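Model the full assembly from the supplied sequences, consistent with the hints where possible.
In order, the protein sequences belong to chains A and B. For the first sequence, the residue numbers in the numbering used here are -6 to 207. For the second sequence, the residue numbers in the numbering used here are 725 to 972.
Note that these hints are calculated values from the structure, not bench results.
Per the computed footprint, the stretches of chain B lying under chain A, defined by three or more beta-carbons under 8 Å from a beta-carbon of chain A, are:
#1 867 to 875
#2 878 to 889
Beyond 10 Å from chain B on every Cβ pair, some chain A residues (computed):
#3 Ala(-3)
#4 Ser154
#5 Ser171
Distance windows between CB atoms, simulated:
#6 Ser904(B) x Gly34(A): 56 to 66 Å
#7 Glu50(A) x Leu736(B): 45 to 55 Å
#8 Ser154(A) x Arg962(B): 38 to 48 Å
#9 Ile(-2)(A) x Ser901(B): 47 to 57 Å
#10 Ala77(A) x Ser904(B): 49 to 59 Å
#11 Glu961(B) x Ile(-2)(A): 45 to 55 Å
#12 Pro805(B) x Gly93(A): 30 to 40 Å
#13 Arg962(B) x Ile(-2)(A): 43 to 53 Å
#14 Ala80(A) x Val964(B): 23 to 33 Å
#15 Glu178(A) x Glu961(B): 47 to 57 Å
#16 Gly93(A) x Ala897(B): 17 to 27 Å
It should be emphasised that the depicted structure is a prediction, and the values quoted were computed from it without experimental measurement. Glycine residues also receive a C-beta, built at the ideal position from the N, C-alpha and C atoms.
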Amino acid sequence: MLDAISFALSNGEVAAVVGPSGCGKTTLLRIIVGLDRDFAGNVVLPAHGRLGIVFQEPRLLPWRTVEENVRLAAPQAGEAMLSALFATLGLTQHRRHYPGELSLGLARRVALARAFAFEPDLLALDEPFVSLDAALVERLRAELIELVSRRPTTTLLVTHSIEEAVGLADRILLLSPSPARLIAEVPIERPRSLASAAEIAVIRDKLRAAAAYG
Amino acid sequence: MNLAQRLGSVALLLAAWIIGSHLVGPRLLPSPQAVALAIIHEARSGALMFNLGVTLLRVAASFTLAMALGTVIGLAMGRNPVVNRLADPWLVVLLNLPALVIIVLAYVWAGLTEIAALVAVALNKLPIAIVTVREGARALDPALDEMARVFRMSGWVRLRHVIIPQLAPYLAAATRSGLSLVWKIVLIVELLGRPNGVGFEIGVAFQLFDVTRILAYALTFVVVMLAIETFLVQPFERYVSRWRIRPA
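See the structure below:
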């Protein structure tokens, strides 16, 4: 499914893996976090190797409250850090709610809060905004940018949306259709600024050109 | 309305009892009043409380033993196919051994002791607990397991917060069927080889052909078990499933 993919992230860098659906982006992420062991190659993790992950589905424990879900994954997190996290993500009044009482957008935020509270050395995000409406995606992206800039975290974002990648990442890694190969690496000039439609179009053209040669 | 129907049903049962008592005579079926008087008499002498208490302790001990072992073995068999293949024939044998055979063998091999009694009861309940928990273990969500692995949750946290809550409906089913099965088998064990308890008293009453005393002990114990179900098992179930009740 994946073929000779090699890249390295520098400390605090946000990289986005972009590729067509079904090209193996999620598999790549699962290999990196150690959930998929059926591969040839090697993965070098940062020194302590604490990995935070936000799966495509929120994967919360339905029988534990929002706060308990976060605390169980991140027992080291202090109250100050948690309240700040919950405030940023608009979860303050939902701390005592159960996941079944939350909308998908809120549940995704809880999954984000859990991953950040864990204080990971590498944060893996698997299509964190998929199947949310545009306005909500915009808000969540702003919240995510705030979290990443407050505590610089080496982040690997997997997405099929170039807009999402441009809006969040320092660098875009473009994958080809399956079997996926790395066909382009495009640095983003002004990361996490609100790129205009024109800027996004330029990057998209760059990626298209790269894809055509690949 | 609901309560009225229930009370009506109980009244009908009492009426049938009184009529039946008149038809066959008080020796075969004593009247409700006679049974009530016998209960009061046994309670005054302290024998009722003592025997009920002893039987309840045996129920609690053998039930706990069977559920703890059943959960561990059921989890292991549900999660690990090798363990399952190795243990399944044993399970089938145990499932199909009649309760009486297990009890008699336990008494023959270990003597008429308390341990033999408790183990015999637990062994009768064990295979059903294993089968139920194994079913639950097979239905565990791998997505949550992966989440717990990535976040490096400790074994205890995983068991307590990820696995047991998923097993809760299965454990509840095993508890329900288990309690009613265990107390019935405890009575047989007491009848066959213990010097006290409700089963022993019923055995004595049987030899004396004292139907009043048999009914007095049996009814009191049924009430006790109903109370446990209503005031212990049901509130616990509501507490455990509190996250389901509130809608979005």
